[in-house]
Amino acid sequence: MKWRRTIRVIHRDTGYVAAVLTIIYAISGIAVNHIDDWNPNYVVEKRVVHVDPLSDTILTKQQSLNYVLTELEIVDSANSSFRPSPVSIDIFFEGKTISANLKTGKVEIEEISHRRFFKESNFLHLNTPKKLWTWIADIFAASLILLAATGLFMNKGKQGFKGRGKWFALLGLAIPIIFLIIYY
Amino acid sequence: MHKIISTSIFLMIFFVSLIADDTKKYGEKINSTEKTNISEIINKPENFVGEKVLVEGTVVNVCAKRGCWIELASDKEFETIRVKVQDGVIVFPMEAKGKKALIEGEVYSFEYETDAECSGSCGHKKENEENCEHGKKEVKTIYQIRGIGAEI
Chain A
1 MKWRRTIRVI HRDTGYVAAV LTIIYAISGI AVNHIDDWNP NYVVEKRVVH
51 VDPLSDTILT KQQSLNYVLT ELEIVDSANS SFRPSPVSID IFFEGKTISA
101 NLKTGKVEIE EISHRRFFKE SNFLHLNTPK KLWTWIADIF AASLILLAAT
151 GLFMNKGKQG FKGRGKWFAL LGLAIPIIFL IIYY
Chain B
1 MHKIISTSIF LMIFFVSLIA DDTKKYGEKI NSTEKTNISE IINKPENFVG
51 EKVLVEGTVV NVCAKRGCWI ELASDKEFET IRVKVQDGVI VFPMEAKGKK
101 ALIEGEVYSF EYETDAECSG SCGHKKENEE NCEHGKKEVK TIYQIRGIGA
151 EI
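Residue numbers (the working numbering), protein chains in the order written: chain A, 1 to 184; chain B, 1 to 152.
Simulated from the structure, these hints should not be mistaken for lab results. Be careful, since some hints might not be right.
As the list claims (entries may be wrong) - Result set (EDC-like, lysine to aspartate or glutamate): computed pairs, CA atoms no more than 20 Å apart in a straight line:
#, chain 1, residue 1, chain 2, residue 2
1, B, K100, B, E40
2, B, K65, A, D138
3, B, K44, B, E95
4, B, K84, B, E95
5, B, K25, A, E111
6, B, K29, B, E46
7, B, K99, A, E94
8, B, K99, B, D75
9, A, K96, B, E95
10, B, K65, A, E111
11, B, K25, B, E138
12, A, K46, B, E95
13, A, K130, B, E46
14, A, K119, B, E95
Here the structure is a predicted model, which means the values were calculated and not measured.
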């Protein structure tokens, strides 16, 4: 039948166009699915070091800043700083934050870096750009529906839907239904 | 045909990269022009509840998981205010830490119950002694800004 040939062509060419986005959405989907276990966008590394505490001294913000940078032997200029309290200071660099408690001498250094590919994939998958991307994502979603529909009917006989296909399709239908019954 | 497509894609990417701005914008366009000091809001928050405000401050903290809130330093030392946004509508990047942010939003409040501050020993006198009873809860009011638009 000619219509089956047409379906195969649609399925093939739509598949070529959708392949990259499908991989992006799938990898991002796995990443954000486990958001309770890891940060899908950033690698956040924290370490603690100690400097000599200044338990009896009250410093100005600039003095606190200079003291911490000198103790840690940091020569880079900070982007900005903030004092949560008179005895502590947060110092901000590009990709790095130093939080120092001058009373105890405890300094926490936090460094962040992007998870390459994951951050970009999540950016698209979660529709962060909005605007035109919303429409592109809708078109992609529609293409997935097209792939699913054409995939059901592109083969005939024993290899088609009327043969083995209907059992696999039934399995695909049963999985979400079972989980909805259990968890919904 | 293939050369035309490839060249068009290359030119698109090239020109888009040229117009990329250092200031990132999030959410809706900021319409307000008159800024409110964060210290004024912290000092008398009940006066601002329900009001749309435009505030500016250094970003001192960002939600690491979903970028759904930031904390802005006040114009007065040791003070901060939290700007909360709807999950997914605005996503603040962690790189925003340490940068200056301009935020337009509405001040709101909510209450939550917490354990009363207790010295742990009811025989020891403490401020709010009447609350120092095991199991008694305190209701605290938190004031935040519901962010609508931001520029960082």
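How the hints compare with the structure:
About 19 Å separates the Cα atoms of B/K100 and B/E40, which keeps this hinted pair within 20 Å; it holds. Taking the CA atoms of B/K65 and A/D138, the gap is near 26 Å; set against the 20 Å cutoff, the hint is violated. For the suggested pair B/K44 and B/E95, the alpha carbons sit about 31 Å apart, so the restraint of at most 20 Å is broken. Straight-line distance between C-alpha atoms of B/K84 and B/E95 comes to about 17 Å, which keeps the hinted pair within the 20 Å bound.
A C-alpha spacing of about 24 Å is found between B/K25 and A/E111, which places the hinted pair above 20 Å, so the restraint is violated. As the CA atoms of B/K29 and B/E46 are separated by approximately 26 Å, the hinted pair breaks the 20 Å bound. For the given pair, B/K99 sits about 9 Å from A/E94 by alpha-carbon distance, which is consistent with the 20 Å threshold. For the hint linking B/K99 to B/D75, the alpha-carbon distance of about 14 Å falls within 20 Å, and the restraint holds.
Restraint check for A/K96 and B/E95: the C-alpha separation of about 9 Å stays at or below 20 Å, so the hint holds. A threshold of 20 Å between alpha carbons decides the hint, and for B/K65 with A/E111 the separation of about 15 Å falls inside it, so the pair holds. For the suggested pair B/K25 and B/E138, the alpha carbons sit about 39 Å apart, so the restraint of at most 20 Å is broken. Restraint check for A/K46 and B/E95: the C-alpha separation of about 16 Å stays at or below 20 Å, so the hint holds.
In summary, the hint linking A/K130 to B/E46 is not supported, as the alpha carbons are separated by about 34 Å, beyond the 20 Å threshold. For the proposed pair A/K119 and B/E95, the alpha carbon gap of about 13 Å is at most 20 Å, so the pair holds.
Hint compliance for this structure: hints 2, 3, 5, 6, 11, 13 are not met, and every other hint is.
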